[in-house]
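Those protein sequences? They're chains A and B, same order as listed. Take the first sequence: its letters are residues 0 to 198, numbered as in numbering that gives the first Met the number 0. Take the second sequence: its letters are residues 0 to 226, numbered as in numbering that gives the first Met the number 0.
Hints listed in this document are in silico derivations from the structure and should not be mistaken for laboratory results. We treat Cβ as the ideally placed atom computed from N, Cα and C, and that holds for glycine. Careful: at least some of the hints might be erroneous.
The calculated label-pair distances, taken between Cβ atoms and stated as ranges, are [claimed, not checked]: (1) A:187 with B:64: 42 to 48 Å; (2) B:70 with A:187: 45 to 51 Å; (3) A:76 with B:139: 29 to 35 Å; (4) A:80 with B:138: 25 to 31 Å; (5) A:144 with B:164: 36 to 42 Å; (6) A:177 with B:196: 51 to 57 Å; (7) A:182 with B:64: 38 to 44 Å; (8) B:115 with A:178: 21 to 27 Å; (9) A:144 with B:212: 27 to 33 Å; (10) A:72 with B:22: 21 to 27 Å; (11) B:210 with A:191: 26 to 32 Å; (12) B:214 with A:21: 18 to 24 Å.
Covered by chain B, per the in silico footprint, the following chain A stretches (three or more residues, Cβ under 8 Å) [stated by the list, open to error]: (13) 26-38; (14) 44-56; (15) 68-80; (16) 87-97; (17) 151-161; (18) 176-189.
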Amino acid sequence: MDHARSTVYALSARSKGADEPEAVEQLLVRCAQQDQRALEELYSLVASQLFGLLLRMLRSPALAEEALQDVMVRVWQRADQFVAYRGRAMTWLMSIARYRAIDLLRMQRKQVTLDEAPDEALVDAGAADFADSMTSQRSSRALDDCLSRLTAEQRKCIALAYVEGYSQDQIATAIDSPLGTVKSWMRRGLSSLKRCLES
Amino acid sequence: MNYQNRALIDELASQYAIGTLRGAARLRFERLCRHDTDALLSVQRWEDRLIDLASAITPVRPPATVWRGIQQRLDNRRATQEHSRLWHRQRWALAAGVAMMVFAVTLWTVLSSSTHVIATIVDAQQAQLWRIEAPSDRDALHIEALDALQADASHAYELWALSAAGGPPISLGLMPQSGNVELQLTQAQRIALAGARQIAISLEPSGGSPSGAPTGPVLYVAAIAPG
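Build the full structure now, drawing on both the sequences and the hints.
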């Protein structure tokens, strides 16, 4: 857990400055006390990170804007549940955003399926290239080291799922591989990542 | 699905956190996490492991209309809650006449009692898990485990005072998993309780947090009745 906390801090320190985790946590404490000014300050601090994530996963500015509203309203409602999660502020916020995006993707996918659109319609042609390039430059060293020990296929599957919000079907389409093979790469990749990060 | 298999649960937790667990399986796993704290812990550990992948995503400033939309939604919620409170007050006024006799009995009970309920811990379904009472000087806590509580022999439930000023949580002791317990508070714990508006319960190893700070997930947070 200590290691995990330090990686969260490292993430925030890299992207926004060393004081951000403490600032985010203090603002969440104030949100739990129904201080709406704190929510506005929190929004100005984290909205760009959350919106970048939501835009990447949802691939629609309108949908990402709606999702960001959902996320901030949910943060306001649940801030009291955060209060004692010291050290996990950004993980908590990003997880709320990612899970909201996954919910919306599921609903969007249902609508598309009803219209019988091909699965490829939901796959971004540049996503696989992005997944190739995303490691080693900006993620933490511990995660980088462990990602570098995975096979290229495992790495790509993990990045497409986490960053793009792809289902395993969509990953199979994006990298032109059988679904069963993708599932196996994902399972083994995550298992190796866990072992490596805990060693 | 055999949820007894811990390795399988951890695999499902990884798929949940990375987002590939979808549809009915995702909803089933969410339901499991509501009462299986090991599953919830697994998800949180996977969230921590994977969070740095998000740092590769370029931040994008959202348009100003988003914040205005958030404000609008919060204002609408407040108006709805205000309306609901007004309705409750009217219902209370109607009920007041009927309640006079009951009130007299209750008042006598409260005046004759040396302790007051300062918080009741409920789960997401509003089932009551613990009742926490304290004497007026709040130098001890009397905690009763209620019927809806599911005992977890391999973990402890630890009670924390959450500082209103934003300081670290202060442990007040371990919650009973059945029956009653009386926690005598130290001076530091009494000060922490007096300075808190909320208490929290975290899941910890047997015997309580080894570090003096919450190490497991915070399962419940409740407001403390003013002293």
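For this session: May I ask you to test the hint 45 to 51 Å on the CB atoms belonging to residue 70 of chain B and residue 187 of chain A?
Result: 47 Å, holds
Exercise. Within 25 to 31 Å or not, the Cβ separation of residue 80 of chain A and residue 138 of chain B?
Worked result: 29 Å, holds
For this session: Go ahead and decide if the range 27 to 33 Å is satisfied by the Cβ distance of residue 144 of chain A to residue 212 of chain B.
Result: 28 Å, holds
For this session: Kindly confirm whether 21 to 27 Å is satisfied by the beta carbon distance between residue 115 of chain B and residue 178 of chain A.
Result: 60 Å, violated
Problem set entry | Cβ contact check, 8 Å cutoff: the region 87-97 of chain A against chain B, three residues minimum | holds (count 6)
For this session: Can you let me know if the beta-carbon spacing of residue 187 of chain A and residue 64 of chain B is within 42 to 48 Å?
Result: Distance hint for residue 187 of chain A, residue 64 of chain B holds at roughly 44 Å.
Exercise. For the region 176-189 of chain A, do at least 3 residues have a Cβ located nearer than 8 Å to some Cβ of chain B?
Worked result: holds (count 3)
Problem set entry | Given coverage of the region 68-80 of chain A by chain B, tested with a Cβ cutoff of 8 Å and a minimum of 3 residues | holds (count 6)
For this session: Tell me if chain B covers the region 26-38 of chain A under the three-residue, 8 Å CB rule, please?
Result: That given contact holds, which follows from 6 residues of the region 26-38 of chain A lying within Cβ reach (below 8 Å) of chain B.
For this session: Return holds or violated for the Cβ distance of residue 72 of chain A and residue 22 of chain B against the range 21 to 27 Å.
Result: Roughly 25 Å apart at Cβ, these two residues keep to the hinted range, so it holds.
Exercise. How does the Cβ-Cβ distance of residue 210 of chain B and residue 191 of chain A compare with 26 to 32 Å: does it lie in that range?
Worked result: 29 Å, holds
For this session: For the range 36 to 42 Å, tell me whether the beta carbons of residue 144 of chain A and residue 164 of chain B fit it or not.
Result: 40 Å Cβ-Cβ, so the 36 to 42 Å window holds.
In terms of the numbered hints stated before, the structure departs from hint 8 and from no other.
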